[in-house]
Amino acid sequence: MRRPYRRPMPKTWWLKHPHYTLFMLRELSAVFVIYFALWTVCLVQRAGQGAEALSRFLQTMKGPGWILWHLIGLAFVLLHTYTWFATAPKVMPVRRGAEKVPDGVIIAAQWIVLLIVSVIFVVLLAATT
Amino acid sequence: MADETIILRVLRYRPEQDSEPTFQEYEVPYRKDWVVLDALNWIKEYKDGTLSFRWSCRMGVCGSCGMMVNGRARLTCNTFLREFYPNPITVEPLVNFDIERDLVICMDPFIEKLKRVKPWIIREDVKPVEDGPYEQSPAELYRYKQFSMCINCMLCYAACPVVGLHPEFIGPAALALGIRYLLDSRDQGWDERMEEVASHDGVWGCTFVGECSEVCPKHVDPAAAIQQGKVMATLDWFKRLLMPRGQR
Amino acid sequence: MAELLKHDVVIVGGGAAGLRAAIAVAERNPNLSVAVVSKIYPMRSHTVSAEGGAAAVIKANDSFEHHIYDTISGADWLADQDAVELFVHEAPKELTLLEHWGCPWSRDPDGTVAVRPFGGMKIERTWFAADKTGFHMLHTLYQTALRYVELTWYDEWFATKLLVDGDRCYGVVALELRTGAIRGITGKAVILCTGGAGRVFPFTTNAITKTGDGMALALRAGVPLKDMEFIQYHPTGLPGTGILITEAARGEGGIMVNKDGYRYLQDYGLGKPLDVNDPRHPVKRTMELGPRDKLSQAFVMEMRKGRTLKGPYGDYVLLDIRHLGEKKINEKLPFVRELARNYAGIDPVYEPIPVRPVVHYVMGGVDTDVDGRTVLDGLYAAGECACVSINGANRLGSNSLTECLVFGARAGHHAAEYVASAPDPNDSVLQKQVEEEAARIRKQFLEKTEGKERLVTVRKDMQNAMEDGVGIYRTEQSVQQALEKVLECRERFKEVYLDDHTVSFNTELISALELECMLDVALAMCHAALARRESRGAHQREDHPNRDDENFLKHSLVVLRDGQPKVEWKDVVITKWPPGERKYGADSGLPTDQK
Amino acid sequence: MARSNEPAVWSLFAGGGALTALILPVHALALTILLPLGVIEADSEKLVAFLGHPLFRLYMFVLALLGLFHGAHRLRFTLIDLGLHALATPITWLCYGGATIGSLVALWVAVSF
Numbered sequence: 653m654r655r656p657y658r659r660p661m662p663k664t665w666w667l668k669h670p671h672y673t674l675f676m677l678r679e680l681s682a683v684f685v686i687y688f689a690l691w692t693v694c695l696v697q698r699a700g701q702g703a704e705a706l707s708r709f710l711q712t713m714k715g716p717g718w719i720l721w722h723l724i725g726l727a728f729v730l731l732h733t734y735t736w737f738a739t740a741p742k743v744m745p746v747r748r749g750a751e752k753v754p755d756g757v758i759i760a761a762q763w764i765v766l767l768i769v770s771v772i773f774v775v776l777l778a779a780t781t
Numbered sequence: 066m067a068d069e070t071i072i073l074r075v076l077r078y079r080p081e082q083d084s085e086p087t088f089q090e091y092e093v094p095y096r097k098d099w100v101v102l103d104a105l106n107w108i109k110e111y112k113d114g115t116l117s118f119r120w121s122c123r124m125g126v127c128g129s130c131g132m133m134v135n136g137r138a139r140l141t142c143n144t145f146l147r148e149f150y151p152n153p154i155t156v157e158p159l160v161n162f163d164i165e166r167d168l169v170i171c172m173d174p175f176i177e178k179l180k181r182v183k184p185w186i187i188r189e190d191v192k193p194v195e196d197g198p199y200e201q202s203p204a205e206l207y208r209y210k211q212f213s214m215c216i217n218c219m220l221c222y223a224a225c226p227v228v229g230l231h232p233e234f235i236g237p238a239a240l241a242l243g244i245r246y247l248l249d250s251r252d253q254g255w256d257e258r259m260e261e262v263a264s265h266d267g268v269w270g271c272t273f274v275g276e277c278s279e280v281c282p283k284h285v286d287p288a289a290a291i292q293q294g295k296v297m298a299t300l301d302w303f304k305r306l307l308m309p310r311g312q313r
Numbered sequence: 333m334a335e336l337l338k339h340d341v342v343i344v345g346g347g348a349a350g351l352r353a354a355i356a357v358a359e360r361n362p363n364l365s366v367a368v369v370s371k372i373y374p375m376r377s378h379t380v381s382a383e384g385g386a387a388a389v390i391k392a393n394d395s396f397e398h399h400i401y402d403t404i405s406g407a408d409w410l411a412d413q414d415a416v417e418l419f420v421h422e423a424p425k426e427l428t429l430l431e432h433w434g435c436p437w438s439r440d441p442d443g444t445v446a447v448r449p450f451g452g453m454k455i456e457r458t459w460f461a462a463d464k465t466g467f468h469m470l471h472t473l474y475q476t477a478l479r480y481v482e483l484t485w486y487d488e489w490f491a492t493k494l495l496v497d498g499d500r501c502y503g504v505v506a507l508e509l510r511t512g513a514i515r516g517i518t519g520k521a522v523i524l525c526t527g528g529a530g531r532v533f534p535f536t537t538n539a540i541t542k543t544g545d546g547m548a549l550a551l552r553a554g555v556p557l558k559d560m561e562f563i564q565y566h567p568t569g570l571p572g573t574g575i576l577i578t579e580a581a582r583g584e585g586g587i588m589v590n591k592d593g594y595r596y597l598q599d600y601g602l603g604k605p606l607d608v609n610d611p612r613h614p615v616k617r618t619m620e621l622g623p624r625d626k627l628s629q630a631f632v633m634e635m636r637k638g639r640t641l642k643g644p645y646g647d648y649v650l651l652d653i654r655h656l657g658e659k660k661i662n663e664k665l666p667f668v669r670e671l672a673r674n675y676a677g678i679d680p681v682y683e684p685i686p687v688r689p690v691v692h693y694v695m696g697g698v699d700t701d702v703d704g705r706t707v708l709d710g711l712y713a714a715g716e717c718a719c720v721s722i723n724g725a726n727r728l729g730s731n732s733l734t735e736c737l738v739f740g741a742r743a744g745h746h747a748a749e750y751v752a753s754a755p756d757p758n759d760s761v762l763q764k765q766v767e768e769e770a771a772r773i774r775k776q777f778l779e780k781t782e783g784k785e786r787l788v789t790v791r792k793d794m795q796n797a798m799e800d801g802v803g804i805y806r807t808e809q810s811v812q813q814a815l816e817k818v819l820e821c822r823e824r825f826k827e828v829y830l831d832d833h834t835v836s837f838n839t840e841l842i843s844a845l846e847l848e849c850m851l852d853v854a855l856a857m858c859h860a861a862l863a864r865r866e867s868r869g870a871h872q873r874e875d876h877p878n879r880d881d882e883n884f885l886k887h888s889l890v891v892l893r894d895g896q897p898k899v900e901w902k903d904v905v906i907t908k909w910p911p912g913e914r915k916y917g918a919d920s921g922l923p924t925d926q927k
Numbered sequence: 294m295a296r297s298n299e300p301a302v303w304s305l306f307a308g309g310g311a312l313t314a315l316i317l318p319v320h321a322l323a324l325t326i327l328l329p330l331g332v333i334e335a336d337s338e339k340l341v342a343f344l345g346h347p348l349f350r351l352y353m354f355v356l357a358l359l360g361l362f363h364g365a366h367r368l369r370f371t372l373i374d375l376g377l378h379a380l381a382t383p384i385t386w387l388c389y390g391g392a393t394i395g396s397l398v399a400l401w402v403a404v405s406f
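Sequences listed follow chains A, B, C and D, in order. For the first sequence, our numbering assigns the number 653 to the initial residue and increments by one for each residue that follows. For the second sequence, our numbering assigns the number 66 to the initial residue and increments by one for each residue that follows. For the third sequence, our numbering assigns the number 333 to the initial residue and increments by one for each residue that follows. For the fourth sequence, our numbering assigns the number 294 to the initial residue and increments by one for each residue that follows.
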C-alpha cells in the first residue's frame with residue numbers, strides 16, 4: 653500500500669535560509685529601480701517647468717527623510733549591481749577555446765566599466781553645470 | 066573516544082501507521098570518519114531495522130542518498146558527522162517531494178520531467194555506425210560537459226523554492242540536461258527540445274534564486290545552464306519573429 | 333489474485349548491460365513489449381561507479397589481434413577464444429554507438445575519441461570520459477532508453493524468483509518496494525543483468541546493491557554458475573571504505589610505492605621501473621600497468637615482508653600521482669582527486685594516496701554462450717552477472733564496460749528473435765508459482781513471530797569468512813573453513829528475525845532477500861575454489877602454486893543437483909592462441925620504441 | 294508544451310538589469326543625494342540645460358523604459374512567489390501595464406520638454 657505524504661510549503665519559505673532572504677532582498681531592489689526611474693522622469697519634468705521649479709524640487713529632496721530614503725535606495729541598487737555582476741559569468745560565460753575565462757575576471761571587468769561610466773557621469777554633470 | 070556519541074533526529078513516516086511525519090531520536094556512536102549515511106546504517110543494522118532510506122554507491126556518484134541534513138539538501142554519503150559534532154543532526158527527506166516512507170521520497174515527478182526535455186541525441190540523419198564516431202573538438206565538448214555531470218540526486222529540486230511553489234516547473238537538473246543536449250555539437254533536436262526548454266514550465270519558470278547551484282554536489286551549476294537557456298530561448302524567439310517559418 | 337504483468341521480454345537489472353539489452357530488443361523489434369525490472373532506479377546502478385574507461389580498438393596503431401592477445405593472456409588462458417575474438421571485433425561498434433547516443437567521450441585535439449592505457453595492455457585503447465566513464469555511459473544509456481516507448485519501467489522492483497514452466501523460463505516474481513506487492517512479470521525471455529556480487533566480501537569497491545541476485549536466481553533454477561572461484565581484487569582501493577581509485581591513475585603515470593618509497597612491483601616479475609620523468613613512462617604491460625591479479629598478489633607479498641604501511645584499516649601502500657601535476661590531475665583524474673579529498677582526507681596533488689587491494693569484480697557468473705543464452709531456454713544473462721567467458725581467470729581493466737554493451741546487445745538481439753518462435757506460457761502454472769513465492773516471503777519474513785538472529789551479524793560473519801578463506805591467496809584448508817562458515821550462516825539465516833513487518837518500502841526485507849542471494853553465491857564460490865587445485869590468475873592456491881593446464885584448462889560449473897551444489901567442468905575454447913606463459917615487463921613482447 | 298513569449302519581456306528585463314546595474318549607483322548617488330545636498334554644486338539654469346539636453350532626455354526615457362520593465366518583471370515573480378500564485382494573470386497585466394504606462398509618460402515628458 654501507498655500513502656505518500658505531501659509537506660506544505662510555508663508562506664515564509666524565504667526566511668528559512670539566509671540565501672533565500674538575500675534573494676528576496678535582491679528581488680525587492682526592483683522597487684528602487686522603479687522608484688529611481690520614475691524619480692528621474694519627475695526630475696526632467698520639473699526641469700521642463702523651468703529653473704525655479706527644479707530648485708524647489710531639489711530643495712524638497714534635501715529633506716533628511718528624502719535623503720535617508722534615497723540612501724536606502726542606493727543600498728538596494730548596489731545590491732542589485734553586486735548580484736547582477738556576480739551572475740553575468742553564469743549567464744554569458746566567455747570561452748577561449750576549451751578554457752573558460754574565470755568568473756572573477758568577468759566580474760572585475762564589469763566593475764571597471766562601472767567605475768569608468770560613473771566617472772564620466774559625474775564629470776559630465778559637474779562640467780556642464 | 067570510543068564512547069562518544071551523537072544524536073540523530075530523524076523524520077519518520079510509515080504510511081501504514083502514521084498520519085503524519087514525526088521525529089525520532091537515535092543516539093549513535095560518533096566516529097570522525099563516519100558520514101551521516103554510516104550513522105543511518107548503524108541505526109538500521111543494530112537499533113531499528115524499520116528505518117528506511119535509499120543508498121547505493123556510498124561514493125557520491127549514484128545520487129540516491131540525498132536528504133535534508135540540518136535543513137540543507139546534502140548527499141549523506143559525503144556529509145561527515147564531524148561537521149556537526151557535538152551538536153545533534155536533523156535528517157529529513159528531501160523537501161519539495163512527497164514522502165513515500167521515512168527518508169524515501171517519491172521520484173515519479175522527477176522522472177517525468179527528465180523525459181520532457183528529451184535527454185537523448187536527436188538526429189535528422191543518422192550516421193551509420195560503420196562510419197565511426199562523430200568528430201567533436203575538445204572545445205565543443207567543453208561547451209556542454211559541465212551540464213552533463215548531473216547525477217540526478219535531486220538536491221537542486223529540494224533547494225529550489227520554485228519547485229515547491231510551482232510543482233509543474235521542470236526544474237534545475239532536467240533543464241540543465243536539456244540544455245546540455247542543446248549545446249552538444251552532435252545534436253539536431255533544437256526545435257523539438259526548445260518546445261519544452263523554452264516553455265512556461267521550462268527555463269521561464271526559473272526566478273534565478275541560484276540555490277540549486279549552491280547545493281549541487283557535482284558543480285553542474287544548473288542555475289547557469291538555465292540562464293544560458295534563457296538567452297538561447299530569447300535569441301531563438303527573435304529569430305523566429307524576424308524570419309518567416311521554414312527559412313530558419 | 334493479482335494479474336500477471338505481461339510483456340514479451342523481461343530484463344532484470346538497469347545497469348549498462350540491462351539498458352543496452354533493452355535498447356537492443358526495442359531496436360530489433362519495435363512491436364515487442366519490454367519490461368525493465370530494477371531494484372533501484374536505473375541511473376543508480378553500479379555501472380555509475382566505473383571510472384577509468386572502456387576498451388575497444390579504434391586507433392591506427394592498435395589492432396584486433398593485440399586486444400585479443402592482451403585479453404586472453406590477461407585471462408591466464410581461461411577465456412573462451414571464440415568469445416574474445418567476437419567481443420573484440422564488436423567492441424568498437426558498441427562504443428561508437430554510445431558516442432552516437434551522446435556519450436561525452438574525452439577527445440584528442442583533432443576531435444577524434446581519445447584513448448588511454450590500462451593495465452595489461454600492449455597498446456593504449458581505453459576510451460574514457462575523464463574518470464567518470466561508467467557514470468557517463470550509464471546516463472547516456474538511460475537517457476537514450478527513455479525515448480523508447482516500448483519499454484515499461486519497473487523501477488524499484490526486486491526480482492526474487494525465476495518463473496520456469498517445463499524447460500523454459502517465462503519471467504520473474506518481483507516485489508514492488510513502495511507497495512510491497514509481489515507480482516509475476518512475465519515474458520517469453522528473461523535477460524539477467526543484475527551485476528556482480530562483491531558484497532559477499534566485507535571490503536569491496538562495489539555498491540551495496542551488488543549482491544549477486546541474478547546469479548542466485550539462476551543457480552536456484554538449475555542453471556550453472558561458471559568460474560565462480562575467480563574474484564578480482566583491484567589493487568587500489570581506499571582503506572576503510574574500499575572506494576575505488578581507478579586504474580587510470582596508473583594509466584596516466586601514477587606509481588606504487590611501499591613504506592620505504594620503493595617501487596616494489598619490480599620485485600614481482602613485472603619488469604623494471606622507468607623514472608617518472610622519462611618520456612617513455614608509463615610502459616605498457618609493465619610495473620604499475622601489469623594486470624590486477626599480479627598487482628594485488630604483490631601487495632600481499634609485500635605485507636608478509638613487513639614492507640607495507642600500517643593504518644587503522646589495515647596495511648596499505650601508496651599510489652603517487654603527484655608528478656602528474658595539478659593541471660593534468662584536474663583534467664584527466666578529477667574524480668580521483670575528489671574521492672581522495674573527501675574520503676582519504678588528502679589531496680593527491682600534494683600527497684600520495686593510501687591504497688590496498690579490494691574486492692572489485694567477479695569474473696565468474698551465469699554460464700552463457702556468446703548470445704547470452706543459458707542452458708535454460710528463454711533465460712539469458714549479460715554483464716558482470718554472466719560468464720561468457722571473456723575474462724577467464726583475470727579480467728583486464730576496461731573490458732567490463734565494453735562487455736556489458738557487446739553482450740547486453742547480443743542477448744537483447746537474440747532474445748528478440750527467440751520470443752517470436754517460443755511457445756506461450758501456461759499462465760495458471762506461472763500464477764501458482766507467483767502465489768507460492770509470495771507466500772514464502774510472507775511466511776519467512778513478514779509474518780514470522782520469532783527468531784534470534786539479526787541480519788547484520790549473519791551477513792558480517794559470512795563476509796569475514798569469505799575474506800579469510802577465499803581471499804587473494806587460498807588453501808584447501810582456508811576454503812574449507814570458509815565453506816563451513818557459509819553453511820553455518822545459511823542455517824542461521826533461517827533464524828533471522830526482522831524488525832520491520834510492514835509492506836511499504838520495507839528495505840530491511842530487501843536486505844534479507846539480498847543476503848539470501850549472497851549466501852548462495854558464496855557457497856558457489858567456495859565449492860569452485862575448492863575444486864580448482866591449481867593457481868591461475870586471480871585464483872591462487874598456495875597448496876597448488878602452479879597453473880595446471882593438463883587438468884584445469886577448464887571452466888568450473890557449480891550447479892545445484894537435488895539442492896546440493898556440485899562442481900562440473902567444461903572445456904575452454906582454444907582457437908588460435910595456445911596457452912603460454914603470461915609475461916609482463918621487458919619480455920612481454922612489447923615494442924621497445926613506444927611513444 | 295508550447296514555447297513561451299516570455300523573451301519579449303525578459304529581454305527588456307535583462308537589458309534593464311544590465312543598464313541599471315551599471316548606471317544607477319552613480320545616478321542615484323549623484324542626482325538624488327549629492328545634488329540636493331549641494332555636494333555637487335549646480336547652477337539651476339545650467340542644470341535645466343543639462344537635464345533638458347536631448348541626450349539626457351533620451352537617456353531618461355531609456356532608463357525609464359528598461360528600468361520599469363526590469364522592475365515590473367521582478368515584482369511580478371516576487372508577488373507570485375510570496376503566495377499570490379492564484380493571481381498570476383492579473384499581477385502580470387498590472388506589472389507590465391504599469392511599466393508600459395510609465396514608459397509612455399516618460400516618453401511624453403522627454404518629447405514635450
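These aren't lab readings, by the way, just hints derived from the structure by calculation. Even glycine gets a Cβ: it sits at the ideal position worked out from N, Cα and C. Any given hint could be a false lead.
To be verified - Lysine-lysine pairs mimicking DSSO-like chemistry, simulated, CA-CA at most 27 Å apart:
| no. | chain 1 | residue 1 | chain 2 | residue 2 |
| --- | --- | --- | --- | --- |
| 1 | A | 742 | C | 591 |
| 2 | B | 283 | C | 660 |
| 3 | B | 210 | C | 784 |
| 4 | C | 784 | A | 752 |
| 5 | B | 192 | B | 180 |
| 6 | B | 97 | C | 660 |
| 7 | C | 604 | C | 817 |
| 8 | C | 817 | B | 112 |
| 9 | B | 192 | C | 784 |
| 10 | C | 591 | C | 642 |
| 11 | B | 210 | B | 283 |
| 12 | A | 752 | B | 112 |
| 13 | D | 339 | A | 714 |
| 14 | B | 112 | C | 898 |
| 15 | B | 210 | C | 391 |
| 16 | C | 660 | C | 792 |
| 17 | B | 112 | A | 742 |
| 18 | A | 752 | C | 792 |
| 19 | B | 97 | C | 792 |
| 20 | B | 192 | A | 752 |
| 21 | B | 283 | C | 591 |
| 22 | B | 210 | C | 898 |
| 23 | B | 97 | C | 642 |
As the list claims (entries may be wrong) - Label pairs and their computed distance ranges (CB to CB):
| no. | chain 1 | residue 1 | chain 2 | residue 2 | range |
| --- | --- | --- | --- | --- | --- |
| 24 | C | 829 | B | 255 | 20 to 30 Å |
| 25 | C | 673 | A | 756 | 18 to 28 Å |
| 26 | B | 253 | C | 398 | 49 to 59 Å |
| 27 | C | 906 | A | 754 | 28 to 38 Å |
Comparing the hints with the structure gives:
no.	hint	verdict
1	A:742 <-> C:591	violated (46 Å)
2	B:283 <-> C:660	holds (19 Å)
3	B:210 <-> C:784	violated (53 Å)
4	C:784 <-> A:752	violated (61 Å)
5	B:192 <-> B:180	holds (24 Å)
6	B:97 <-> C:660	violated (31 Å)
7	C:604 <-> C:817	violated (42 Å)
8	C:817 <-> B:112	holds (25 Å)
9	B:192 <-> C:784	violated (62 Å)
10	C:591 <-> C:642	holds (9 Å)
11	B:210 <-> B:283	holds (12 Å)
12	A:752 <-> B:112	violated (50 Å)
13	D:339 <-> A:714	holds (19 Å)
14	B:112 <-> C:898	violated (39 Å)
15	B:210 <-> C:391	holds (23 Å)
16	C:660 <-> C:792	violated (40 Å)
17	B:112 <-> A:742	violated (47 Å)
18	A:752 <-> C:792	violated (49 Å)
19	B:97 <-> C:792	holds (22 Å)
20	B:192 <-> A:752	violated (31 Å)
21	B:283 <-> C:591	violated (34 Å)
22	B:210 <-> C:898	violated (51 Å)
23	B:97 <-> C:642	holds (19 Å)
24	C:829 <-> B:255: 20 to 30 Å	violated (58 Å)
25	C:673 <-> A:756: 18 to 28 Å	holds (22 Å)
26	B:253 <-> C:398: 49 to 59 Å	violated (36 Å)
27	C:906 <-> A:754: 28 to 38 Å	violated (58 Å)
In this structure, the hints that do not hold are numbers 1, 3, 4, 6, 7, 9, 12, 14, 16, 17, 18, 20, 21, 22, 24, 26, 27, in rising order.
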